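Number of protein chains: 2
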Amino acid sequence: MKDRGKLHHKNLQTLFYPKSVAVIGTNKVTGTVPGDIFINILHADLQGIIYPVSPREKSIGGVKAYKYVIDIEEEVDLAVIVFPSSVAKLALEQCGQKGIKSVIIISAGFREVGEKGQAKEKELLEIAEKYDISFIGPNCLGVINTDPVSRLNASFARKFPAEGNIAFLSQSGALCTAVLDYAQAKNIGFSKFVSFGNKTDISEIDLLYYLMEDKKTKVILLYLEEITDGPGLMKAARDVIEKSHKPILIIKSGRTEEGASAAASHTGSLAGKDEICDAAFKQAGIIRCENIEEMFNIAIAFVYQPEPKLNRIAIITNAGGPGVLTTDAAIKSGIHLAQFSEETTLALKRSLPSTANINNPVDVIGDARADRYVAAISAAFKDENVDGLFVILTPQSMTDINTIAKEIATVASQFDKPIYTSFMGEADVASGIQILQKHNIPHYILPESMCKPFMKVYQFHQQISKSETITEAAAVYKSKEAKKRINSALNSNKKFLHEFEATQIVSEYKLPVLKSGLTTSAEEAAEVAKTIGFPVVMKVMSEKIVHKFDVGGVILNINSEIEAAEAFLKITDSVQKILPGIKIDGILVSKQVPEGLEVILGIKKDPSFGDVIMFGIGGIFVEIFKDVSFRVAPIQKNVAFEMIQEIKASKLLLGARGKKPADIECLAETIVKLSNLALDNPNIKELDINPLIVLELGKGCFVADAKIVLK
Amino acid sequence: MKDRGKLHHKNLQTLFYPKSVAVIGTNKVTGTVPGDIFINILHADLQGIIYPVSPREKSIGGVKAYKYVIDIEEEVDLAVIVFPSSVAKLALEQCGQKGIKSVIIISAGFREVGEKGQAKEKELLEIAEKYDISFIGPNCLGVINTDPVSRLNASFARKFPAEGNIAFLSQSGALCTAVLDYAQAKNIGFSKFVSFGNKTDISEIDLLYYLMEDKKTKVILLYLEEITDGPGLMKAARDVIEKSHKPILIIKSGRTEEGASAAASHTGSLAGKDEICDAAFKQAGIIRCENIEEMFNIAIAFVYQPEPKLNRIAIITNAGGPGVLTTDAAIKSGIHLAQFSEETTLALKRSLPSTANINNPVDVIGDARADRYVAAISAAFKDENVDGLFVILTPQSMTDINTIAKEIATVASQFDKPIYTSFMGEADVASGIQILQKHNIPHYILPESMCKPFMKVYQFHQQISKSETITEAAAVYKSKEAKKRINSALNSNKKFLHEFEATQIVSEYKLPVLKSGLTTSAEEAAEVAKTIGFPVVMKVMSEKIVHKFDVGGVILNINSEIEAAEAFLKITDSVQKILPGIKIDGILVSKQVPEGLEVILGIKKDPSFGDVIMFGIGGIFVEIFKDVSFRVAPIQKNVAFEMIQEIKASKLLLGARGKKPADIECLAETIVKLSNLALDNPNIKELDINPLIVLELGKGCFVADAKIVLK
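Protein chains in written order, with full-length UniProt numbering: chain A, 1 to 711; chain B, 1 to 711.
For the record, the hints were derived by calculation from the structure and aren't laboratory data. Take these hints with a grain of salt, some might be off.
In silico EDC-like links for lysine to aspartate or glutamate, alpha-carbon gap of 16 Å or less [what the hints assert, rightly or not]:
1) A:159 with B:426
2) A:707 with A:501
3) A:660 with A:696
4) B:332 with A:290
5) A:332 with B:275
Reference excerpt, derived from the structure (chain A facing chain B, CB under 8 Å, subset only) [what the hints assert, rightly or not]:
6) 331
7) 648
8) 649
To spell it out: a stretch of chain B is covered by chain A in this simulated footprint if at least three of its residues, at any positions, have a beta carbon under 8 Å from a beta carbon of chain A; those stretches are [unchecked claim]:
9) 92 to 101
10) 146 to 155
11) 309 to 320
12) 382 to 389
13) 615 to 625
14) 660 to 674
Just so we're clear, the structure is a prediction, and the values are computed from it rather than from any experiment. Heads up, the beta-carbon is just placed ideally off N, CA and C, and yes, glycines get one too.
Produce the complete structure using the sequences and hints provided.
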């Protein structure tokens with residue numbers, strides 16, 4: 001198969017910047033999808049030629065119509081198909097014959113309506129592959145490009161948005177209309193606006209790569225209901241962030257089981273655990289947003305204001321209460337309140353009345369007019385301890401709201417530090433807010449809402465400057481021996497590998513395992529124990545026994561050959577008594593580990609992201625506090641350290657309660673190796689190391705038990 | 001002193017419903033506080049007579065002015081003082097002479113500007129007490145009453161709000177103007193609107209009691225920066241909720257240390273721990289809100305819609321994406337998605353197109369017009385498995401927004417179940433939203449925002465129907481012996497009571513202590529040990545030794561008289577070696593407790609709420625996870641159980657990991673007794689029981705160590 005990624009990239013350029021567009025299946029009925037789309041394209045003032053294609057009409061909207069797209073004599077760059085799903089296939093076939101490479105399929109009635117629709121989608125894809133076509137949709141609202149050189153409104157949205165630097169990509173078409181309405185009221189403009197629907201051909205990944213190079217786009221917003229290619233999405237996000245420094249903001253719905261099942265009935269998707277999605281986004285540098293409002297709150301901070309050097313802000317307010325509320329929210333978000341320099345304090349004292357509070361948060365007092373705001377803002381901007389400003393206004397009877405808004409814009413333009421505003425209220429402050437928005441000063445309805453956007457911008461630039469967290473891991477180490485063992489188990493229809501078998505496999509990837517041997521007689525047990533060195537532990541090995549302790553299958557603290565021989569007999573006796581006739585593979589004799597902290601490592605398969613590594617501290621921490629962290633493989637050492645530090649109980653590893661710090665070096669290396677093992681063995685469905693015993697720093701860690709479940 | 005609470009209650013009635021009002025210190029200058037207030041009162045159309053009082057003017061706003069308030073011949077019900085702080089005292093004195101009992105002091109320049117202002121405030125209070133005056137303020141925006149029989153606007157707010165059933169009380173004046181502006185744009189009306197400023201005389205507690213009986217008020221909103229009388233606030237809240245079933249919503253700022261210090265510089269308040277504030281509000285049935293938007297989101301749900309029976313909702317949407325996002329948010333809030341009855345499913349199937357999703361969340365599909373919404377809403381309303389409805393709309397080109405809004409209002413009026421709406425977008429949906437608001441259908445900008453209000457209303461009514469959590473505890477058991485011991489310690493200037501002394505005090509309140517005796521010789525130790533019964537523990541007792549283990553001051557597992565005598569010598573030896581010449585009170589011999597779960601109980605003094613009881617599970621749970629719960633004394637047994645269940649690790653007590661459940665009965669009783677002890681001994685600054693050993697259910701719990709710090 002050809003590289004459709006490259007093809008899509010090329011075809012997307014034509015799709016957004018077509019010199020000619022055919023609208024296939026349009027008609028004269030306004031207020032319907034087929035009718036509105038043609039008019040929308042026509043009226044958007046595209047620099048190119050638009051051809052209506054309709055089996056029945058001679059002309060539409062004053063433009064000569066064609067019966068079939070192949071009837072058009074000139075070359076056509078883009079086709080928009082608005083026929084019902086039953087006819088869409090034929091229309092696409094004709095596009096192929098006509099040599100059109102870029103297509104938008106608006107038509108609904110595909111995968112979202114069940115099996116029959118799914119089959120129709122497959123047919124579309126086959127035609128696209130045959131003719132090297134790239135298509136967006138089906139089941140979508142369409143595509144908008146606000147670039148003046150190619151104003152394209154190939155959608156049935158009511159509104160054409162203002163020009164701006166935010167790209168919005170959405171799997172839900174209906175949400176798009178709400179977003180366009182919301183953004184218009186907030187004076188937010190877009191660069192590209194894409195409803196990609198069922199993403200049968202072009203996916204969010206292709207769009208991300210396209211937008212990476214789009215000069216008009218500074219921030220990418222994405223609403224997703226299903227993640228079909230998690231690793232691909234992560235890679236695309238990393239590439240975009242690393243190469244273009246454009247932040248990616250995502251809303252991913254289906255966080256709960258009920259939500260996921262609602263999404264499934266709506267998109268036919270299969271959802272993984274939401275915690276894993278969280279971890280994957282974090283790992284890829286993607287900013288996950290809770291809702292549309294938060295998404296735009298953060299987006300405007302990225303687009304309109306410079307990045308802060310550090311995270312020390314000054315709050316300037318004409319009302320004490322909101323100043324306190326904002327301080328609370330700032331501190332909770334991890335923002336610091338700037339400590340003013342002496343110079344700033346003096347400047348504030350000089351220009352503000354004696355009743356004002358000249359400490360941060362600065363209270364310019366209820367009767368403040370523009371001059372006090374300007375004085376306070378300038379002083380704070382000049383202070384090198386201040387990295388950004390939050391300006392709050394409440395409408396008092398003497399507050400000259402519009403003048404203050406204008407003056408804020410003027411002062412802000414003189415400094416290269418971010419400034420955010422919150423003019424509280426609604427009706428009275430509306431005109432002031434519009435002035436701020438026109439001057440690209442981010443405005444937030446609630447003053448508390450300034451905090452999260454500020455921190456997200458700050459953290460994003462910190463992350464870019466480090467860049468280590470978003471580079472990729474080393475090549476995967478491959479073990480033929482491990483594969484052989486797994487294949488042989490699969491061939492004998494074995495799904496569960498017990499400790500000895502699992503240990504053999506993990507040791508292939510250099511995970512720290514204990515010296516051990518599988519024995520089948522008391523004599524052999526004594527001999528192996530001697531070779532290993534005392535003390536040893538002995539455990540029964542059987543495919544059928546999962547909880548070895550419950551059947552008397554484990555004996556600890558064995559200190560001599562005689563004890564080892566005795567233990568062999570005792571274990572086999574006990575097991576045979578409790579589970580008569582059970583098949584056992586032998587008794588495992590292994591070195592007894594000194595005491596240490598017991599942690600849990602695991603491999604899980606996620607339907608969206610593939611191999612996921614889990615880490616937690618054993619016992620109650622995992623069971624009761626669900627204190628675990630996840631990352632998608634491959635995992636580098638720095639990411640492994642992140643995983644370790646992310647759990648709340650990590651303090652226990654770092655030396656809490658008077659204990660020495662544990663060997664997190666060894667632990668991190670083990671996580672990296674486990675991630676390698678996962679990638680090298682797609683047939684492993686689940687692997688549990690429980691526990692991994694972590695000793696003091698420098699003394700290593702050891703796999704004390706492991707099991708593997710195969711696919 | 002007289003009962004000023006009763007006085008305030010009577011005077012507040014006159015304050016909100018005056019037949020005559022004097023505005024003292026007003027003038028003719030509009031755009032200033034003194035000038036605007038008079039005009040505001042005059043233009044609000046009060047059913048009564050208004051007297052301007054001004055030293056210089058003959059008339060103001062066309063009304064004859066008086067030089068002094070005492071010059072007015074007729075009786076005056078309410079005085080509003082707008083003079084500067086320097087003259088306010090004289091004005092108040094004259095009010096007293098004139099026999100005016102209700103006063104609003106707008107003037108600023110008191111406690112908020114420092115010590116001098118504080119003294120002025122004290123003077124005001126003295127005058128008020130002398131003349132039986134009740135006053136609101138100083139340093140406030142004023143008071144508004146929207147009741148048509150007494151439309152009072154004794155404030156310098158720009159706007160007079162619409163009539164409604166929400167009372168708003170605020171410590172911050174500037175916030176009030178923002179709230180009035182915000183509410184107007186959302187069509188939210190108020191019953192009473194009070195800015196109470198420095199609350200020198202009338203506090204939020206007096207206002208709560210007044211509003212409890214105010215027929216116009218259904219919900220009370222409170223913005224607080226400082227809590228001066230925590231127990232009083234809790235009692236008032238409980239009374240209001242219990243007697244009038246009116247919910248109380250509070251924003252309390254100063255959550256973080258920085259925020260609290262900003263609030264302190266702004267109000268001169270002293271802040272306690274925010275977690276304690278959280279616990280106290282919960283205990284009193286108060287609903288704490290994060291911000292103004294959330295507060296009004298919840299308030300409109302209370303005011304405009306009936307209460308739900310249970311928490312099973314139906315979501316009806318014309319867009320799948322927002323339906324999924326709302327499902328996620330609902331489940332996370334603890335809401336259940338209703339399972340439709342067969343009848344409902346049939347009804348939906350009949351009235352919706354085949355492409356619609358007839359399961360919950362119901363998707364009526366993007367091209368839905370009012371008829372589909374009405375059909376789906378009616379079907380859901382009729383279903384007895386549905387307790388409430390969330391209706392979502394996105395503006396598609398064919399969506400008849402206003403008709404849908406009207407039809408929703410019509411259908412809603414036919415059923416006694418709550419319905420909330422979210423018309424997404426902004427400009428296009430604005431007229432539809434206004435229709436909803438006019439018909440008292442709560443509307444939320446984000447569909448996710450419907451969830452928290454629904455749950456808060458549901459929980460509030462659950463709580464009222466139980467009512468047990470908000471009744472008060474039994475009378476305090478008093479111990480003369482404990483008082484004697486504490487007083488004797490205080491008299492000898494002793495601040496720290498060690499285990500033996502602390503145990504003697506806690507045992508006075510029947511907390512489960514172990515048999516023990518303080519011994520001063522090896523022989524005595526042996527004898528006491530024998531009397532107690534083996535095994536025993538022996539510990540050094542000294543005011544100077546806090547960490548007994550570190551000085552070899554503890555020996556466990558003593559099983560005979562000889563061992564006891566030896567232990568005595570060993571401990572005294574070790575302590576004298578490490579801390580030569582230290583004064584010790586003796587060696588405590590006590591029964592050794594069997595192993596059990598170690599929990600921590602404590603008494604803390606909070607500057608706002610007084611005696612607070614803390615509970616947590618020992619070790620890492622408290623140290624690393626900060627997994628503790630607080631309640632304000634007095635604590636009843638059901639509240640003690642709440643405390644126990646509130647911590648995350650409570651599963652350990654209830655029998656996790658194959659262990660038997662612990663004796664939480666005994667633990668809860670011990671918490672109740674400790675709360676009693678706290679109330680009976682105001683001189684105890686801190687008490688720690690660490691650990692309390694909790695055995696299996698039925699086997700009790702025991703204080704294994706305790707210490708007390710006195711004031």
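message = Checking each numbered hint in turn, tell me which of them this model violates, lowest number first.
response = Checked against the structure, the hints that fail are numbers 9, 10, 12 and 14, while the rest are satisfied.
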